[in-house]
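Guided by the hints, dock chain B onto chain A, whose structure is given.
Protein sequence lines correspond, in order, to chains A and B. Each step along the first sequence adds one to the number in UniProt numbering, with nothing skipped, and position 9 is 9. Each step along the second sequence adds one to the number in UniProt numbering, with nothing skipped, and position 238 is 238.
Be careful, since some hints might not be right.
Stated by the list, open to error - Among chain B residues calculated to face chain A with C-beta under 8 Å, some are:
(1) Leu68
(2) Leu88
(3) Leu439
Unchecked claim - Far from chain B, by Cβ distances over 12 Å, these chain A residues were calculated:
(4) Glu14
(5) Arg52
(6) Gln66
(7) Asp108
(8) Pro110
(9) Ala113
(10) Lys114
(11) Arg116
(12) Ile118
(13) Ser150
Keep in mind that the hints were calculated from the coordinates and are not lab data. What you are looking at is a predicted structure, and each value in this text was computed from that prediction instead of being measured. Even for Gly, the Cβ is constructed at its ideal location relative to N, Cα and C.
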Amino acid sequence: MKKEDYLPNLVDIESPLSDEELYVLSQQYNNEGDFVSVQTRFNYAWGLIKSRKVEDQQLGVQILAQVYKDTPSRRRECLYYLAIGSYKLGEYTDARKYCDLLLQIEPDDPQSAKLRQIIEDKLAKEGMIGIAIVGGVIAVGAAVLGAVLSQKKR
Amino acid sequence: MSDVTHFSKVVAATASTLVSGDLSQSHVMRDISRPAFQKRIFSFSKRPSELVRITSSSKDVLLPDEMLVDIPSNENQFSLFQGFQATLPEHSVGSQLLLGDGSKVGEKSAREQLVEGKKSLSHKLDLLEVRKALAANEITEIDARVAHLQSMRQIVFDRVASLEQQEFQLESEVLRIDAELEQMEEEKEEVIQRHDYETRTPEELEDDVVDLKSVSEKLQSASQKTLPRRNLSRRKTQPTLQQYYEPGNKIRQIKAHSDSVTCLDFDIPFGTMVSAGMDLGLKVWDLSRGDLVTDLKGHNASVTCLQVDNNVLATGSADATIRVWNLDQVVSNPDAQDEGDDAYTIHVLDSHVGEISAIHFSDHTLVSGSADKTIRQWDLNTGRCVQTLDVIWANSAQNALYSNDRLRTGFDANAPFIGAVQCRDAALATGTADGIVRLWDLRSGQVQRTLQGHTAAVTCLQFDDVHLATGSRDRSVRIWDLRMGNIFDAFAYDSPITSLDFDNRRIASTNGENTVKIYDRAAEKHWSLGRGEGDPEAPESTVVKTKEGYLVEGGGDGVVGVWAC
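So that you can see chain A by itself, here it is in the shape it has in the complex (with noise of 0.2 Å):
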């Protein structure tokens, strides 16, 4: 297979599957009860990651974490998807952590990079937006504060 296939793309990450995909996937997963394959645990957890629910992300991610714990040699991989699935959860620190372990062990990963990037840029962009209301909150915080004090005063 080309090495472009070895991990998805990452316009994949916002294309989510068809309900009917998502349904064969979750079928596989329950149907394999206790003894539920590696490979079955991905496919549905990646389907989920790629869904437009939160619910679904955050299963996704839990079972990729399960992976992550239960099989060493599917690690690395593991934390590209795991970095992803943060990502799109909103969990940017997380997402940085998987992404930074992941540089760490192969710097020149051009998909890693990329997703590293992705993921810098939305924090500066939230950042932004962050300070506007952490300010706010404390503009609010400083007036009730101020409100107690000079209610005390008296």
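Frame of chain A; chain B shown alone:
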């Protein structure tokens, strides 16, 4: 799914605390004054949008940091993603391939079409390759799991074994205390009787001379050896460990005798076994440890048949005597024999004038068959012969058509005249050298029914509530329906049957070959176990006994093998 509901609950909780008035404000204030919280807000490691979500879900950390250390390099042939691609239904992958050039199909040249076709075929080939690798991977995974489960099974198996060992010890302790209590009770009665006697006036004493005699008689009889009253059915626990062995696996092997094993029996799985051999030995074994308990002395010739039941051992010997032993005494006090020869003997039954070939007892009745061509019935309470049944006489009276000559000579000079007996209440079944199985009524001493079919001497026999199983030198095992008196099932092996034992689930028999033949009654399947499996040079099996999947077999070389079946 529960995680998701949990998550939504947590979100709702945080939201409500933020909204609901004063209390939450003071709560927030307190939080803000904490350095940790300040650090959290002002460090840019966590963004506000994260704060909302993360405070709830990240409490249960998915991957603790220590898990993030050991990351081996990737040696898998295909990535998980490739596996994912290969698993997805064909059409979605195929449609992706056509994307982009779908509009130009018409303008393609023949060459381009061929190239396209080749591309799609090689893509499919790739997919197949991935799928193959996936399946192979799964096999490896399953193998690893099976190995893991096997090792877990071994651990649990050992646990069952040790628990059962503990049970066994406690149980025997309880039984010992029971016996002691009984003893004390008896002694107390004696003391009361004596006390009564001593407090009487001389006049009364004279009147009571007769009474005195009866009392002394009582005391005497109490000190006499009686059948042990203890009953195995009092046991609370039953050994079940044998069920967890693979059928056909050896549990233990004991080098019991220096010559062929003639007969053996045991009480319960992993309990006590008694074996006898052509070397004249009569030995008691602890099956759970494989240790010799003691060597029983008393018979002057080899023991030909024996039975163990409820702590009573009965042995029939070529010296024409039958001995009944207190097996309980043997086990609890294995050294007592050195003090006196008869330490364990309850009865010696010596009315037969020929070699004993078969015995069986149930409750207080023992029946024995001898080379003197008679069957005797004994009362085990008194040790007296209750009646003698003459097979030839019974045969001529009952069935004049059937030649007595055949009975006198037998089909086979090698087989004992009375090959097997079994009794229950008033019923007695005998198998004899003429190949006929007779069912007797012990109350009348008459033959009630004859079962004809075997064409050579009957060597072994056993019945339960419904069926009677017989093995014969004609190489066949026959199962008879006791109520109808007809054949229920029959099968034949390659050589004469020498012994047989059955329960609800299987019939085990030996036929002078080096394996024990098992017939699984439920599955109607024949199989065999023993040293002969895998070793064609192994000596033959001579006798077999089985209970609840636990099988003990004696070999021609004096070795006793314990197997799971």
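Outcome of the hint check:
1. Leu68: holds, 6 Å
2. Leu88: holds, 6 Å
3. Leu439: violated, 55 Å
4. Glu14: holds, 16 Å
5. Arg52: Correct as stated: the minimum Cβ-Cβ distance to chain B is 15 Å, above 12 Å.
6. Gln66: Not fine: 9 Å to the nearest Cβ puts glutamine 66 of chain A too close to chain B.
7. Asp108: About 14 Å separates aspartate 108 of chain A from the closest Cβ of chain B, which puts it past 12 Å; holds.
8. Pro110: holds, 15 Å
9. Ala113: With a cut-off of 12 Å, alanine 113 of chain A remains clear of chain B, as the shortest Cβ separation is near 17 Å.
10. Lys114: At roughly 15 Å from the nearest Cβ of chain B, lysine 114 of chain A sits farther out than 12 Å, so the non-interface label holds.
11. Arg116: holds, 16 Å
12. Ile118: Correct as stated: the minimum Cβ-Cβ distance to chain B is 15 Å, above 12 Å.
13. Ser150: holds, 15 Å
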